Amino acid sequence: MRQTSVVLIIGGAAGIGQAVAESRLKNDDKVVFTDINAEKGHQLMTEWRDQGYEATFIQQDVTSWKDTEKVVSETIELYGRMDVLIISAGVTSQKRLEDITVKEWRFTLDVNLTGLFYILKAALPEMVKSKGGSIVIVGSGSAITGSGGGAHYAVSKGGAFGLMRAIANEYSDQGIHINLVAPRVIETEMLDILYPTEEAKEALRQKIPIKNFGTLADTTNAINFLASGESRYIQAQVLLMDGGRTYLT
Amino acid sequence: MNILLFDASHRISGMMTAYYQKVYALDFTDKLNGKGSLYQYINGQDPVQLITFDLLDDQDISMESWLNKNNIQFDTVINNLEHLIGNTLTETSIDEWRKSLFINLHLPFLIIKAFISYVPDDGQIIHISSTAAVSGEAGDVSYASHKSGLESFSKSLSKELSKRNIRSNVISISPKCWRKSDGARQIIQLLKETCNEHMSFLNGQVITLDNGETLS
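Here the protein sequences line up with chains H and F, keeping their order. Using UniProt numbering, read the first sequence as starting at 1 and increasing by one per residue. Using UniProt numbering, read the second sequence as starting at 1 and increasing by one per residue.
Simulated from the structure, these hints should not be mistaken for laboratory data. In this text the structure is predicted, and so the values were computed from the model without any measurement. Certain hints may be false.
Claimed, not checked - Keeping only pairs whose Cα atoms sit at most 25 Å apart, straight-line, the calculated SDA-like set for lysine to any residue is:
#	chain 1	residue 1	chain 2	residue 2
1	H	K131	H	S228
2	H	K66	H	L78
3	F	K163	H	A200
4	H	K95	F	L56
5	F	K99	H	K211
6	F	K163	F	P120
7	H	K211	H	E198
8	H	K95	F	V206
9	H	K103	F	G36
10	F	K99	H	V102
11	H	K131	F	T88
12	F	K176	H	Q237
13	F	K35	H	V102
14	F	K35	F	I85
15	H	K66	H	Y79
16	F	K99	F	I12
With these hints in hand, go ahead and build the complete structure from the sequences.
Structure representation (C-alpha cells):
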C-alpha cells in the first residue's frame, strides 16, 4: 500500500504548483501549499477541503526570510515531517536587455533565485532530521537557451541549476533526493504573458518538433516522478521538457 | 584592441595588462555600492585614473559623458568579477548570499548596461566563470548558483546582441586550474585566443578549462 506523503508546495495556488497540488491531493497526500496570493490560496484550500482533501494554505512572500521560516515551522508543527518539497514560485516578463530596469532585475532574481535559496535553507535541516526526502525545483529551459523571458529570467533560472547541484553535493549522503525540471513552453499563465496573441502562440508552436505545447499534466507527471522513490537513482539532474525544441532545431 | 576589465583587483587583470599594450579596468573602492574609478593601464607605465563612477546612481552621467567626449570604445569587455565565500548552505547567511548575488550577478548586469553602447559592432563580452556552476563542487552554494546564473546571462546576451554581431562567451575554469603552477598562464592563453578576432564564429558558448574533470 502506498504511504501518504507530506508535501510542501511553494507557489501552489497557480500554474504548475497548483496542478501538482491537485494531483498530490488526489493521491491522498497531505498538502501544504503557499502563495503570495492569499485570496486564491484560501479559495483553493476551501474547495479542496470541501472535496475531502487534506490541504493547508499558508500565505508566503518568497522574498521574505521570515515568511519562509514560518512556512517550514508551521508545516513541521502540523505534521512533524516533510517528505516532499516542490518549489514552483516564479515571476517573468518579456523584456529586452536595454528595457530591463534595475528594479525589475532585482525583483526577478529575488523571487526566482533568492526565494529558492531561502526555502532550501529553511527546509533542508528539517528534512534531514526526518531522515531525508525529495526536492523538485521547477526551473526553466530559458536557463539553457538564454531566451524566452529576458535576461533577468534566464539568469534567475540558470542560478537554480548551480544551487541545486551545490545542494546535491552537500546533502546527497543525508537522504536528500534533489532534481530540477526545466519546462520550456508549457500552457500556463506565463505563456500568456510571454505570447499574448494566438498568432504569436501559433508561430511558436510551429517551432516545436512535436508541434504542440507541453501541458500542466506533462509537467506534473515529470515532477511527481522525480519526487517519487521510482526515480531514486536520478540525482542532481536537469530534466528538460521541451517537445524536442532545444536540441532538434 | 581596447580591452575593458570589470575588476582591476582580479588576478587575471595584472597578466592581461602586462600582455596587452592598452587595457582599461574598473577599480572598485566600494564594490557593494558600485563605486570606483576607471583606470587605463599602458604597458610599462603607472596606471592612470580617468574618471570615477557610481553605478547605482541613475543621475551620475560623468562616465557616459567622459566616454563620449573621448570617443572611447571597447572591442572586448571581460567580466572577471568574482566573489567566493566557501560556505555550505547552513553556513551561508542571508547577508553573504546577497553579497555574492550582488558581486557575481547584479554588478555584471549594471556594468554591461552602462558600457554596452561603447562596445562596437563585432565586439565581444567574455565572462570568467567556474566549473562549480555545473558541478556545484566549490563548497560554496552562493558561488555555484551565481556562476551558473552568469552562464545563462551570457547566453541571453549572445542572442540579444547578435543583431550587432556582438558575441558573448564564458570561460569556465576549474578551481584546480587556478592552483596549478602554470594554471594562470593557461587561462590567459585561452583568454587571448578567445579575444582573437579570428574567433568570430564563437558565440554563446561555455568553454571549459578543467582537464576533463567535470565529465567524471
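Hint-by-hint comparison with the structure:
Between K131 (chain H) and S228 (chain H), the direct Cα distance comes to roughly 15 Å. Compliance with the 25 Å bound is thereby established for this hinted pair. A threshold of 25 Å between alpha carbons decides the hint, and for K66 (chain H) with L78 (chain H) the separation of about 18 Å falls inside it, so the pair holds. The hinted pair formed by K163 (chain F) and A200 (chain H) meets the criterion: a straight-line CA distance of about 21 Å does not exceed 25 Å. For a cut-off of 25 Å, the pair hint linking K95 (chain H) to L56 (chain F) stands: about 21 Å separates their Cα positions.
Our distance criterion of 25 Å between C-alpha atoms is broken by K99 (chain F) and K211 (chain H), whose separation comes to about 43 Å. For a cut-off of 25 Å, the pair hint linking K163 (chain F) to P120 (chain F) stands: about 12 Å separates their Cα positions. Proximity of K211 (chain H) to E198 (chain H) is assessed by CA-CA distance (about 15 Å); at most 25 Å being required, the pair is judged to hold. Restraint check for K95 (chain H) and V206 (chain F): the C-alpha separation of about 24 Å stays at or below 25 Å, so the hint holds.
For a cut-off of 25 Å, the pair hint linking K103 (chain H) to G36 (chain F) stands: about 22 Å separates their Cα positions. For the hint pairing K99 (chain F) with V102 (chain H), the CA-to-CA distance comes to about 16 Å; that is within 25 Å, so the pair holds. Annotation: proposed proximity of K131 (chain H) to T88 (chain F) holds, straight-line Cα distance about 19 Å (limit 25 Å). Among the hinted pairs, K176 (chain F) with Q237 (chain H) is consistent with the structure: their alpha-carbon atoms are about 24 Å apart, no more than 25 Å.
For a cut-off of 25 Å, the pair hint linking K35 (chain F) to V102 (chain H) stands: about 16 Å separates their Cα positions. For a cut-off of 25 Å, the pair hint linking K35 (chain F) to I85 (chain F) stands: about 21 Å separates their Cα positions. Proximity of K66 (chain H) to Y79 (chain H) is assessed by CA-CA distance (about 20 Å); at most 25 Å being required, the pair is judged to hold. The hinted pair formed by K99 (chain F) and I12 (chain F) meets the criterion: a straight-line CA distance of about 22 Å does not exceed 25 Å.
Hint compliance for this structure: hint 5 is the single one not met.
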